[in-house]
Amino acid sequence: MFFYYLDLACRSIKKTPFLSVLMVLAISIGIGITITTLNIYKMASVNPAGERSDKLFAVQLWSQGEDSWDEFNPQITYQDSFNLRRGDIPVRQTPMFRTGGAIQTDNPDLAPILEGVRVTDSDFFSLFSVPFLYGQAWDKSVDQQAKYEVVINADLNQQLFGGENSVGRTLYINRKPYKVVGVVDHWSPKPKYYDVNNGAFNDSEQVFVPFSLTPIEEYQSWGNNQGWKHEDTRTVAAKIVSEQHWLQYWVELKDQHDVELYTAWVRSYIEQQQAPGRFNSPNADVQIMDVADWLIENQVVAEDNKVLVGLSALFLVVCLVNMLGLLLAKFLKRAPEVGVRRAIGASRAQIFSQHMVEVGLIGFCGGIIGLLWAWGALSLLAAKFELEQALTSLDMSMWLVAPTIAISAALVAGIYPAWRVCSTNPSIYLKSQ
Amino acid sequence: MLSMKNINKVFKTDLVETHALRDFNLEVKEGEFVAVTGPSGSGKTTFLNIAGLLEGFTNGDYFLDGVNISNLSDNKSAAIRNEKIGFIFQGFNLIPDLNLAENVEVPLRYRGFSRSERDKRVKQALEQVGLGARMKHLPAQLSGGQQQRVAIARALAGEPRFLLADEPTGNLDSMMARQVMELLEDINKAGTTIIMVTHDPELARRAQRNIQIVDGQVCDFTMYQGGQPQLVSDNVQAVS
Ligand SMILES: Nc1ncnc2c1ncn2[C@@H]1O[C@H](COP(=O)(O)OP(=O)(O)OP(=O)(O)O)[C@@H](O)[C@H]1O
Ligand SMILES: [Mg+2]
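Line order of the protein sequences matches chains A and B. With this note's numbering applied, the first sequence covers 38 to 470. With this note's numbering applied, the second sequence covers 16 to 255.
Please note: incorrect hints may appear among the correct ones.
If you anchor each label on the Cβ, the simulated ranges turn out as follows [unchecked claim]:
no. : chain 1 : residue 1 : chain 2 : residue 2 : range
1   : B       : Gly46     : A       : Lys370    : 37 to 43 Å
2   : A       : Ser445    : B       : Pro216    : 56 to 62 Å
3   : B       : Arg130    : A       : Asp91     : 54 to 60 Å
4   : A       : Glu88     : B       : Asn86     : 58 to 64 Å
5   : A       : Val355    : B       : Asn86     : 40 to 46 Å
Using 25 Å as the maximum straight-line C-alpha spacing, the simulated SDA-like pairs for lysine to any residue come out as follows [to be verified]:
no. : chain 1 : residue 1 : chain 2 : residue 2
6   : B       : Lys138    : A       : Phe401
7   : B       : Lys135    : A       : Phe39
8   : B       : Lys91     : A       : Phe40
9   : A       : Lys51     : A       : Phe401
10  : B       : Lys135    : A       : Asn462
11  : A       : Lys367    : A       : Asn262
These are computed hints drawn from the structure, not numbers from a lab. C-beta: ideal position from N, C-alpha, C; glycine also.
Using the sequences and the hints given, assemble the complete structure.
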């Protein structure tokens, strides 16, 4: 019976092409706008850590003095990073920050490339499940005994080495030679949750170097630096011993028990630090947050996005009300035919279904075209307003979401017209023509 | 086969109440060919619609094939219409977008017949009315008489026991009307009970039994050779 209804629906749509196009257009525009905002919302709120989301924790310390910041800062100081990573607790943890420099190779034809560089420990790669194309992270011993080793991302590997296995080759960062030990396989989580303070939707760095090189190489911070008291931090050497917050710190904890152990361990560290006069605020403490909470805390998913989705859904409703009117007119014009069908044996339910199938088909067409609108709108946003690509690429799930919303929305709009046409008394339309 | 006892039908509009049928009594036996006549507005169409389960009634008892029709669900009455009843209307009422074969197929679709069964019955029904060669034509491409024959084929395809025709020849010239009448007579001979409303006394005379509806009530006549009506019903005294 469904295919019979579908056949009738196709004929009916073809019979009134103008009206049908109008209805498909109405619903497709509503869907287009809804999907556009929904896509941005979804891409902004996707949890990039996947199933490791509740095992990875960002560490924050209330190291500021009294009468300064009244909340935990998202970053921490170099001193604390340095001390925590040296701690004797058996967990995987890593400090990190963003720097950058001119990248070159032995190939004299290659112009130097300015790239962001992430300074971190070897645990970074296992913590964030970074996939390797060639080689691996530098050895754990390098985290203590600094060596000039480097991990690069596949894109840069393509640029520098033509995409071949470059493990063992040399590249230069600010003219210092580093040995390539690993090539990352196009890794760039969105949002860039491990460092949301420096562009939550930026691409990941193309270069990773050992944290242990920081005091030797005096890497400049290329990210946000937050200070709560006046200090001279013009040189890296001064900054390293300062109270400035400019590093991110992550730890992997298996379960709630680990969380408690770790928290207690950091608190005891804070107590030690209070002896020389640091952490002197009564609020001094540690706060750890898993990825999902971290993204919310840092408002990576802005409230505005929700409002936008709501508004566009409202717009969709307006489109549907229009469609309802058009459907009503169309269906009631068909009442004589429905009278005949009823007289020769169609039940109300069958007439209702027939019309709902027609509405569903219109909805489906609207959904597909709406998806094209959304795709166009997102491309336009990307081109004209330079919105991050991560936000404007159409999520695969939308291919399912758009037709589903379109069909259900159309069905809702179609209920009243279909009910009207199936509940009118057939005998009225049979008397004469 | 059909039995109506004290059926009343009142149409209520904002101000007026119309008693379309009042204490309407009628028995129709299996295999009868009943012609219904009566003045305009007397309730003939109303009676036919009630008989065909297209419309409810205000009160009274209606049994069709022994089934009490009073409180049937929509699904049930649709199924009865589909299986037991065939309709023929004055205005033909073919669906203009469907070709002849598809028009005839409509009731079979709702009956849930398989494709091969549908094809067989459509072909058979259209051949029976002499239009087997024009299956793919659209209704608009046919004459009125041909359209009415398609409507008859549509009513026949489901092999109903019971055919209801509301002025089936009303829009046809006398030549075509006679053809349609002959077709109906053949169908009746094959065993189908027919109730036909008509304004044409000549056609009415050809039916086995004539009833007249006046002011929503039945005057029953049986025709006999001389053509003079004999009053059978007891609820109408005088009809001029
Ligand atoms: N849907 C309706 N609403 C209100 N009144 C109605 C309705 N249908 C019929 N009537 C009234 O019921 C009465 C009987 O109508 P019906 O159509 O049965 O007459 P008829 O005998 O078929 O007439 P005709 O020979 O002109 O077709 C008329 O007075 C008509 O106005
Ligand atoms: Mg009538």
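Tell me, in ascending order, the numbers of any earlier hints that this structure violates.
-> Structure breaks hints 6, 10, 11.
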